[in-house]
Every structure is written in structure tokens, then in C-alpha cells.
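J.: Here is how the chains run, residue by residue.
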Amino acid sequence: MSAVSTSPDWSAVAARARVRNRVTTGFLYVVLVLGSLPIVVPYLWLVTVAVSGRMGATTIVLWRTLAVLMPALVVWSVVRMAVVDLRRQRALEFALGAVTLVVLAAVTGPHLHTDNFRFLWNSNIADTLKGAGGVGKRYPSVWIAFGNSLMLAGIQMLLVVTSSTLAGYYLSRFDFRGRGGYLKGLLILQAFPAMSLIVPIFLIMYWVNLIDSLAGVVLVVAALELPFAIFVMKGFFDAVPWDIEMSAMTDGASRRQAFFLVVLPQVKVGMIAVAVFTFLRGWEEYVFVRTLIFGNSNWTMSLYLFWMQDDMMGTDYAMVSAMGLFYIVPSIVLYTLCQKYLTQMSVGGIKG
Amino acid sequence: MAKIELRGVAKRWGEVTAVEPTGLTIGDGEFVAILGPSGCGKSTTLFMLAGIYTPSDGDILFDGQRVNDVEARDRNVGIVFQSYALYPNMTVRDNILFPLRFKNVDKAAAARRAEDAARLVQVHELMDRRPGQLSGGQQQRVALARALIKEPQLLLLDEPLSNLDASLRLTMRSEIRALQRKLGVTTLLVTHDQIEATTMADRVICMSRGRIEQVGTADDLYHRPNSIFVAGFIGSPPINLLSCGISAGTMEVGQAKLRATGGEGACVLGVRPESVILGDGPFRGRVGDLEPHGRETIYHLETPLGPVRALEAGAKSRFRVGDELSFALSSTLVFDARSTRRIDGAGAQTPA
Ligand SMILES: Nc1ncnc2c1ncn2[C@@H]1O[C@H](COP(=O)(O)OP(=O)(O)OP(=O)(O)O)[C@@H](O)[C@H]1O
Ligand SMILES: [Mg+2]
Chain A
1 MSAVSTSPDW
11 SAVAARARVR
21 NRVTTGFLYV
31 VLVLGSLPIV
41 VPYLWLVTVA
51 VSGRMGATTI
61 VLWRTLAVLM
71 PALVVWSVVR
81 MAVVDLRRQR
91 ALEFALGAVT
101 LVVLAAVTGP
111 HLHTDNFRFL
121 WNSNIADTLK
131 GAGGVGKRYP
141 SVWIAFGNSL
151 MLAGIQMLLV
161 VTSSTLAGYY
171 LSRFDFRGRG
181 GYLKGLLILQ
191 AFPAMSLIVP
201 IFLIMYWVNL
211 IDSLAGVVLV
221 VAALELPFAI
231 FVMKGFFDAV
241 PWDIEMSAMT
251 DGASRRQAFF
261 LVVLPQVKVG
271 MIAVAVFTFL
281 RGWEEYVFVR
291 TLIFGNSNWT
301 MSLYLFWMQD
311 DMMGTDYAMV
321 SAMGLFYIVP
331 SIVLYTLCQK
341 YLTQMSVGGI
351 KG
Chain B
353 MAKIELRGVA
363 KRWGEVTAVE
373 PTGLTIGDGE
383 FVAILGPSGC
393 GKSTTLFMLA
403 GIYTPSDGDI
413 LFDGQRVNDV
423 EARDRNVGIV
433 FQSYALYPNM
443 TVRDNILFPL
453 RFKNVDKAAA
463 ARRAEDAARL
473 VQVHELMDRR
483 PGQLSGGQQQ
493 RVALARALIK
503 EPQLLLLDEP
513 LSNLDASLRL
523 TMRSEIRALQ
533 RKLGVTTLLV
543 THDQIEATTM
553 ADRVICMSRG
563 RIEQVGTADD
573 LYHRPNSIFV
583 AGFIGSPPIN
593 LLSCGISAGT
603 MEVGQAKLRA
613 TGGEGACVLG
623 VRPESVILGD
633 GPFRGRVGDL
643 EPHGRETIYH
653 LETPLGPVRA
663 LEAGAKSRFR
673 VGDELSFALS
683 STLVFDARST
693 RRIDGAGAQT
703 PA
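Protein chains in written order, with our numbering: chain A, 1 to 352; chain B, 353 to 704.
Isolated chain B (complex conformation) (with noise of 0.2 Å):
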């Protein structure tokens, strides 16, 4: 296990920024997920903690050792691709063993461990196949057993569960959230997956073209975020984002005039859907089109404050299109429209 640390670690391929110099702790037996689009620089960023690519920039240190120029094959990290990357001329017993052949570990120890490390993550029964022949979700956690069998100081997971069906992802996230706590083995996700972020790790990294947003708990990206993107990027179905001006206390979105508090300016309102309230409060709007999803409905409004997408509970959509309703906003967020960034304090939820 180790303490995990990237000091204006960046990488470039001549002209391609792929990661921004980027400065970052993990603590010993952490679970850190990295959120971030396809192509932002998630798994540039993983490769190069395993060594498999050079920073162009910047210190990776293990255990506050510098690690740059340790080869992949002495850092002790395990990793599991994307494609888990299974070897399809060796059968699941000798890809699990594979870590162990270079190792000096005797035989029987070498089969014992595999035995166990299969046995962990429930392919014990398939030793003797092909990769070839298991199922996606067999095969990633063949990918697990591996990767687990050197028993590394840090694990690495490339987006593991993307190539899964719904509902063996959702197993897959506990077991392997259930696995990590087991072994307290420090553990980066990368996904583009939010809720497989915020529900398996401990903390999120949210990275948006090579950069850093915001790093937190799944609270704080959800309910405290940094910038705009990260504001648009977590939550299902997405946040408002309205453009608007504030002068003296007074927000001009659309047709409507709110009370603000705080922020000048140019600015983006921000509402997430579940904080707009139906059936009472000072707004008026009408019902374009609604979706019902069985446990919640999603009403898209048309408002003076413009489009507004709002989600309700409840089994039962309580309106239909055409309806004519009022509502209320529990809470707003005020981004500045320039910097992009959030402006603490602010919002806006009554009309002035």
C-alpha cells in the first residue's frame, strides 16, 4: 500500500496536451475515482502512474519516493484495462499467474495464491478456459484476480466496468468496492461513468480537457461545484444552466427579475431539476413536455426565466402537457459567466 502523489505532472505528445501539469495526493488505501469526459486525460494520467508512459513533466512519487524513471515492471501497481487486456493464448489460470512468473515465488505458493485470488472474485470455476470463452464480467474479473495477485501497492482500474450490462455493473461496483475495503490496497477508478464515481470512491477527481476541476467527495461535486462543467457534468438529468445578468442586487434572467445575492455581472443561474418545486410559488410556467421515468417524472417548462427542466417524485405525474402551473426554486447556484467559476454565496431563488 502507499501514499500516492503527482507533482505538475503533465504529459504532451508534440503539440497534444493530453495532461496539464496536474499536482494531486492519494492517501495510503484510498479509493479515488477519476470523473471526466471521453479523451480529458484519464487514462494518459493512469499509464503514467503505472510507468507504462514517461511525465513529460513533473514528479510521480510512491511513499514520497520519485518513481519517473522505475519501469512499469518494478513499480508493483496492478491495472486493469479497459479491454482488460486478458492474454488469449493462456488459459484464466495462467493469466492469473502471469504476475507470479516473475516473481520468485515457489509453485505451489504461485497455484495456491491463484487458487485464492480466483476464488476472491468468483472465477475459481473457469481455471482451465480461454478467455475466449467467459463472459465480459467473467473476464473482468479475471482482469481483478491478476491484477490482484502480486498483491500491488497501488491498483489501477481503466473505466472496468464500462463494457458491462446494467446490472452486472451495479454487483461488479460493490464487489469491487467491497473487495478494496477488504484489502485496503490504495485504488484509482477512471470512469466517465458519475454514479459509478460517486458511489464507489471515497473521493472524485473531475477532469475536463487535461485539467483538474475539482476534486472532492460526491457531495461537494454535486452540491459545492467549482465551475460550470463540473456543475453540468454531475447529476441525471443535468442541471439548469441560464444565462443572466446581475446589477445591484438584481438578477435579469429571460423575462423574469430575481432577488440576487452576491455576483455582478454577466453570470450563468444554475438550477439543478429536483429544486424546482411544483404546485406553489411565485414563478408561473407551462408544461412543453414531460417524460415519465415510473418512479419520477421529468417536466421541461416553459418559464419567463426560459426552458426549465424539472424533476418531481412520485409514481404519478401529477401534470400533463399544456398544464399551466407555479413553482418555486429551493436552491440556485450563480457561476460567473466569464471565468466560468462558481460564485460563493450567490443565488437567486425569489423573483425580485
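The shape of chain A in the complex, shown without the other chains (with noise of 0.2 Å):
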């Protein structure tokens, strides 16, 4: 065998390379799709039903929208294996995306309405009823329930950040006798289901006067998010390099001083992401007010929309949806406005 037919066809062996790599491509995008379809069904279902239904589920703008979605996913799919060139493909995908909506607009468009939505504007909910006459009175306005989710997601997100945030500097910065016990402690606490604490909690509650008030709900969930979120400040300020607070305070700072103006910016997306994640803990918060909160001046909108479905079983689930709708919409809103601090989650890590 000569030297030279023992050198592999190049050119031959990368289109082999390219064609593997569109097929592991096109097949990732399969995987992707069928994988989250029983996620996205149930949230297209929640859309759609908001938007279009009367009085029961009319389902028929969901089939329509899933019709021009599937065939769009697959051309889609398609296009991103077979183009090469990033500039059509880019070009493709718009067309793509254009067609899409145009369509989607012809086949669902007669069928939209925003009738479903009239609680937002109609405080006595009891005449936007149909059907369910009789339980109307029960329910206050949906703002005063958006206000007190609000209220007790906020509250509960500023105790869990400021806490977590000192706590997990001393804990990353100082020794103390206990300091390991503690973070055992702590991730420990983690590991219990809160569920199980319901009935101490009801009890204690009960003893310092908290019960159906939405300060009690506030610092029930502030001290069960608390341990976790200690937990990840803490690993947050271990990447914090030890010498830019040392050399701060050679420069004329005090311990305080370096911690404000040098060592807590570092951990910015830290406590963005604990506040983010605290903030939806405490919004979908059900268990602790369903047990907590009796009076429905005090119902944060998990409990209002509990009452709904209850009540509304069967008779207008568009307005329901409308409201799951509504619900969901501050969780969506706060996770794009912060999802570029999210991602960098793994940057600060989480070290012991």
C-alpha cells in the first residue's frame, strides 16, 4: 500500500461529518417538540379558552391554533437543518414566522373576543356571573386579591432578601462556634416538606394572634424560603474574592463600608435571583393561606381562583381560564424582565 492512498478522502469524510451533525440536529428538534408538548398543550389550552371561549370550554380556536402550530414547528425544523447559510435561514424562519401569524389570525381571528376578562374591570364580580347567581356575593373585586398577593409576595421577597443576604455574608466571611452544624442545619431544613409543619404552624399561629391576616402568611413563607436562600447567598459571596474587601478597608473603608460599596455588588445577580425566585414562591404561595386566611377581604389570587373554580365548576370556565390567565401574567412578566440575571445563576455558583 503506496503512502498516499493511505491518507483518507478529506472532503469525503467532513461531508459525512456535516450530514451526522444536521441529523443529530433535526433530531434534537423532534425530541424538543414532543417533549414539551404536554407542557405547552395545557397552557395553549389556558390561552386560547381565555380568549375565545363563552360560557363553557369551546375548544375549537385551540385545535385551530394547534393545526397552523404543528405544520409551522415541523417547516421550521426543517428549515433549520436543511439551510446552511445563516443569513436565508434567518430570512426563512421570518417568512416563516410571518405566515404563521397571518394564518393563525384568519382561522382564530372571528372567534377572539375579551369578554372573558370583565372582572378586571367590573368590581362586583357577583354580576359577571353566569350561571353561579347565588355564590357571587362571596367574592370581593379580583384587584383586592391581586393586591394581596402582591402584597404578600413582595413583603416575604424583601424579608427573604435582606435576611439571606446578611446571613450568607457572615456565614461565607466569619467562624463561629456551630458554623458547620449550621449549614447542615440549614440544608437539613431544606430537605423536610414544609406540609408536614402545617399543623405546628396553625398552632403558633393561633398563639400570636397571626391567624387570617396576611402578616402571619408573610413570615410563614419568609422562614421556609429562608434556609435555601442563605444557602445560595452564601455560595454567592464565596466567589466574592476575599482581598477586594481586605483592600477596600486598607483603603480607608469600614467593614460596613466594604460591604455596601464593594462586596454587595458582586452579588447583585444573587439577590436578584433570590428575590425572583422568592417573589414567585410567595405570588403562587396556596397551601399556608388555604390554611391561614379565612376572610375573603384577606384572599390572595390563588385562593380567589380556588373559590372560582370551586364554585364555577361547570359553568364558565372562560372566565376562569381568564383568570388562571391573569394570574400568570406578573410570573411571566418578572421572569423576561430578570432572565438575563437567571441565566448567570451558575456564574456565582453554589459552593459549600
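Hints were generated in silico from the structure; no laboratory data involved.
None of these values were measured; they are calculated from a predicted model.
C-beta: ideal position from N, C-alpha, C; glycine also.
A couple of the hints might just be wrong.
[As the list claims (entries may be wrong)] Quick list of in silico lysine-lysine cross-link-like pairs, BS3-like style, CA-CA up to 30 Å:
#1 B:LYS455 <-> B:LYS534
#2 B:LYS355 <-> B:LYS534
#3 A:LYS340 <-> A:LYS268
#4 B:LYS459 <-> A:LYS268
#5 B:LYS534 <-> A:LYS268
#6 B:LYS459 <-> B:LYS534
[Said to hold, decoys possible] Pairwise CB distance ranges, derived in the manner of DEER restraints:
#7 B:ALA518 <-> A:ARG22: 44 to 50 Å
#8 B:ALA463 <-> A:LEU28: 51 to 57 Å
#9 B:PRO644 <-> A:SER11: 41 to 47 Å
#10 A:TRP242 <-> B:ASP554: 28 to 34 Å
#11 A:TRP10 <-> B:THR523: 43 to 49 Å
#12 A:ILE328 <-> B:ARG364: 57 to 63 Å
#13 A:TRP242 <-> B:ASP409: 21 to 27 Å
#14 A:TRP242 <-> B:ARG364: 18 to 24 Å
#15 B:ASP480 <-> A:LEU28: 39 to 45 Å
#16 B:ARG464 <-> A:TYR182: 48 to 54 Å
#17 B:ARG561 <-> A:ALA14: 56 to 62 Å
Using the hints, put the two chains back together into the complex; each one sits in its own frame.
T.: Spelled out as C-alpha cells, the structure:
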């Protein structure tokens, strides 16, 4: 065998690698799309019913939307796989998106309406209920529940962010008796299901007279959120080099000034992450508000939705869906605003 | 500017002794280097002077006054950390201005001083960048400007050049030296690079395992090392250390017998590679290996004394591997094997 014939045909090898790459990419897209269907369809249901349903759950828009989106997804996967040139890929994607939107508007447009959101501007919910007139009086304006949820989530978030930042800093920087045990304790606390505490928590709240008050729920949720938040913040502080702090102190700063001017800006991402997660946790809180809150003026969105669903089963899905949509909008907004920071989370890392 | 004194200063962490009781005086305006291998306590000594660590024992005096209990921020010490410890959230300008925030300097004057300090180390064109956008050398200079702007009475440099490439290190070495002469600030440089220490400092402190081995000029350390450690640590290529025994003026080393001036019992003979004069002399050897370095050649010789490294200047290597040659010893050092101290006046250059 001569030396020349042993050298492989590089262009053939490269071509094979390219084909293999494309097939893998295509396969991945298919798996991702199929895998996310079970999550996407319920949300799609919620959205379509909320904007098109009348009385019952009219699902015609859902099916039409799916009928448009699925082929569009397939075409998109093919475009991603088959078109190599990035420019052309962009253009095709753009065209595909435009066509999809137009078709979607054409087939669903006539069915869309905002009627189901009438609870937003009509504060007397009783008027707006169809077929369940009797129960209407129980319901305050949805904005009261919205405000309560906002307060619960917001105050709880402030408490957790402040305490976990201070505690995380202390745990990261200072050595004290029982520090190791404390850290292990934090982790173990996180491992227990909060539900198991529901009876003692109820009793304690009863003794301290915080039953049926938002303040009580705020304290309970914040306390349960704290261990993990402290742990996360400690990880972020651990990643801040020790010497910039020492440098600040030789530059004339007090320990507190060094903390605020030099260290805190380094853990901003961690604070935002903790803030977002605890806010959402408070926003979606159900178990403890269900247990500790009775009066309807203290209802949060989750309770409001729960009672709505309970009373309106089979009567007005559409409005319940609209309310559900209203409930998740703040979460989506928050995520969108903060995703830039949340995806940086791994930079700060979580180290023991 | 200040005169610095350490009186029996030691630092321990539980069982670990980082710095053994140490006495040392640094004159006003002097440039002193601490030289030693990694982990010998150089940074610890520096941090005690800066006030970041409190000594476990002993007193630190600035201009004759005890400063043990003076906080870091009140000591007016400028420090450049090994990692530079720039504040990543601030621009270069704010980094340099940082120390002035804690002094009563009005805005305009502070800005002018920052400009001057930046110009001094030639980073005035980078004022609006962030540390992350600077090269290692630029960061190092910003750190230097920040340390200098408060007009410190003591400047501490912790391996400031170790992150730089070879040519930049060379420039920065002379720049720092020139700057120190110009400002006349008492300076302590920590390094594990002997060339850095000997070329930059007036005096070199050689440390090993928390203890000061020797204090002296570069010349002292090289030609009159106190101990085997200093002899071995200073000089590149390193000194040849051959175990030997001396009795009644005769030294037995390997299979050879030399006439010894001074010394008795188990000793170590130290021969600097450039003290091995090749080509002529009473000793015979064979070239086992050689390393041409362009300007000079290092020969690894097999001799009756044992393996000996020899250094010969000159662009061309005069000998090849396997050549038999004669050589002489121009000067030698003798150390006591047990105490590892050098025996003053002892040497062995000629065969017995
Ligand atoms: N905070 C600490 N706790 C316990 N031991 C420490 C601490 N800081 C330093 N040491 C120990 O003290 C010794 C000296 O450390 P130091 O940082 O002064 O070394 P160094 O000479 O600066 O080394 P390098 O050249 O690697 O920076 C080391 O053995 C180190 O392990
Ligand atoms: Mg060090």
C-alpha cells in the first residue's frame, strides 16, 4: 500500500460529519418539540379558552391553533436542518413566522373576544357571573386579591432577600462556634416537606394571634424560604474574592462600607435570583394561605382562583381561564425582565 | 514615609505557625524585598503590616509607635495584592479615587490627584474602562495608582509582577523601582522571584518556613549565604551541593580528596556553577549532558566529586557530550551539615 492511498479523502469525511450533524440537530428538535408538548398544550388551552371561550370551554380555537402551529414547527425544524446559510435561514424563519401569524389570525380571529376578562373592570363580580348567581356575593373585587398576593409576595421577598444576604455574608466570611452544624442544618431544613409542619404552624399562628392575617402568612413563607436562600447567597459571597474586601479596608473603608461599596455589587445577580424565586414562591403560595386565611378580604389570587373554580365548575370555564391567565401574567413578566440575570446564576455558583 | 519595625512578631492559626517570632527594621524610604518559596509566610507578614491580620505575638512599630491595635483603614498603608483586587463594579477612575472617598478631599482636588496618579503609571487613557476590560499589566498599574493616591507612609507589594509576561515584567520592574525612588516611599515587595528581589530592592529578606534566614544585599545573599537554604534558593542555575566529610584539613567528597581550609566533621560543599572553570585544572570530568542557552552553556559533568553543574559563558559550546575535560574550582562555600550554617572562611579548591 502506498503512502498516498492511506491518507483519507478529507472532503468525504467532512461531508459525512456535516450530514451526521444535521441529522442529530433535527432529531434533537423533534425530541424537544415532542417533549414540551405536554407542558405547552395546557397553557395553550388556557390562553385560547381565555380569549375565545363563551360559557363552556370552547376548544375550537385551541385545535385550530394547534393545526397551524404544528406544521409550522415541522417546517421550522426542516429549515433549521436543511438550510446552512445563516442569512437565508434567518430570512426563511422570518417568512415562516409571518405566514404562521397571518394564517393564525385568519382562522382564529373571528372567534376572539375579551369578554372573559370582564372581571378586571367590573368590580362587582356577582354581576359578571353566569349561571352561578347565588355565589357571587362571596367574591370581592379581583384587584383586592391581586393586591394581597402582591403584598404577600413582595414583603416576603424583601424579608428573605435582606436576611439571606446578611446571613449569607456572615456565614461566608466569619468563623464562629457551630458554623458547620449551622450549615448542615440549613440543608436539612430544606429537605423536609413544609406540609408536615402545617399543624404546628397553625397552632403557633393561633397563639401569637396571626390567624387570618397576611402578616402571618408572610412570616411563615419567608421562614420556610430562608434556609435555601441563605445557602444560595453564601455561595455567591464565597465566590467574591476575599482580598477586594481587605483592599477596601486598607483603602480606608470600614467593614460596613466595604460590604456595601465593594462586596454587595458582586452578588447582585444572586440577590436578583433569590428575589425572583422568592417572589414567585410567594405569588404562587397556596397551602399556607388556604390554612391560615379565612376572610375574603384577605384572599390572595390563588385562593380567589380556587374558590372560583370550586363554585363555577362546569358553568364558566372561560372566565376561570381568563383569571388563570391574569394570575400567571406577573410571573411571566418577572421572568422575562430578569432572565438575563437568572441565566447568570451558575456564574456565582453554589459551593459548600 | 515611615520607619517600620517588627519586634518578635509572630502569626499562628491554631496549630499552624505561619510566621515565627521575627525581628526586622526597615528604614525610612528604603525598598526591601521579602524573598522565599511559596507558603513561607511572606503574605502573612505583609498583611500583618497592613493591619489585615493582627499578630499573635510581638509588636509592630511605625516610626517608633506601636500600631498593633490600629485598624487597617487608619494605618495609611498602600497595598497591591497579588490578584490586584481591583473593584470589578467600578471604572478605573473610581477604583483610583476609592481611597480618597474616606478622606476629606474635595471633588476637584480628588479628580486632579486621580489624574496625576493615573498619569504616573500611564493608565490615564483607560480611566473609563472597567477592570475586566484591562490587560494584566494595566490592571497591575491601576492597582499601583490606587495604592499610591493616598500618599501612603508604607507601600506593600504582594507579588505584583507574577501575573505578567516576561517582557512586561522587565519593564514594570524598572518602572516600579524608578517610581519608588521618585516618591521616596518606604516599600516592601514580596516575591518568590530572586531576580526581581535582587534587582529591585536595596535589601533582600530571605524567608523560609516562617523564619527569616538572612537579611542582606543581593551580593551578601549570593556570595555569603548564611545557610544551605539561602545558598540553594539564590542563584540560577542552582549551586552544586555535595556532601562531604572533613578531618584534619582534608575533605573527602565522592572519591576525591581536597585540601580544606576550616571546617570539621560532616559538611556540605557548595560550588556555584560559574565557579567551575572548564578546560584546565587539577580535576578531571566527563560531559554527561549539556544545555546550550544561547549566551551560555550549562554542562552536567560526571566527576570524582560527584555530579557537578558547570556554567560557561560564550555563544558557542566548547565541549560535546562524552568529552573528557579538566576543570578547576575558583571559589567554594562550606556548610556544617547538621546546623546547615555556613562555616566562615572555610573552602576547598585544590586537591589534597
Ligand atoms: N487564614 C489562614 N489560616 C490558616 N493558615 C493560614 C492562613 N493563611 C495562611 N496560612 C498558612 O500560613 C502559611 C504562610 O502563608 P502565606 O500566605 O503567608 O504564604 P506566602 O509566603 O505568601 O506564599 P505564596 O508565595 O504562595 O503566596 C502557609 O502555610 C499557609 O497555609
Ligand atoms: Mg502570598
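J.: Now tell me, hint by hint, if it's right for this structure.
T.: Hints and how they fare:
Restraint check: the Cα-Cα separation between LYS455 of chain B and LYS534 of chain B comes to about 24 Å, which is no more than 30 Å; the hinted pair holds. Proximity of LYS355 of chain B to LYS534 of chain B is assessed by CA-CA distance (about 18 Å); at most 30 Å being required, the pair is judged to hold. With a C-alpha separation of about 12 Å, the suggested pair LYS340 of chain A and LYS268 of chain A falls inside the 30 Å cut-off, and the hint holds. The suggested pairing of LYS459 of chain B with LYS268 of chain A holds, with an alpha-carbon distance near 28 Å, which does not exceed 30 Å.
Our distance criterion of 30 Å between C-alpha atoms is broken by LYS534 of chain B and LYS268 of chain A, whose separation comes to about 41 Å. A C-alpha spacing of about 26 Å is found between LYS459 of chain B and LYS534 of chain B, which places the hinted pair at or below 30 Å, so the restraint holds. For ALA518 of chain B and ARG22 of chain A, the Cβ-Cβ distance of about 47 Å falls inside the hinted range of 44 to 50 Å, so the restraint holds. A hinted range of 51 to 57 Å holds for the C-beta pair ALA463 of chain B and LEU28 of chain A, which are about 55 Å apart.
Take PRO644 of chain B and SER11 of chain A: their Cβ atoms lie about 45 Å apart, and the range 41 to 47 Å holds. At roughly 31 Å, the beta-carbon separation of TRP242 of chain A and ASP554 of chain B lies within the given 28 to 34 Å, and the hint holds. For TRP10 of chain A and THR523 of chain B, the hinted distance range of 43 to 49 Å is satisfied, since their beta carbons lie about 46 Å from each other. Here the CB-CB span from ILE328 of chain A to ARG364 of chain B is close to 59 Å, well matched to the stated 57 to 63 Å.
For the hinted restraint 21 to 27 Å between TRP242 of chain A and ASP409 of chain B, the CB-CB distance of approximately 24 Å keeps it satisfied. Remark: the range hint 18 to 24 Å for TRP242 of chain A to ARG364 of chain B is upheld by a beta-carbon distance near 19 Å. Here the CB-CB span from ASP480 of chain B to LEU28 of chain A is close to 43 Å, well matched to the stated 39 to 45 Å. In this structure, ARG464 of chain B and TYR182 of chain A meet the distance hint of 48 to 54 Å, their C-beta atoms being roughly 49 Å apart.
At about 58 Å, the beta-carbon gap between ARG561 of chain B and ALA14 of chain A stays in the expected band of 56 to 62 Å.
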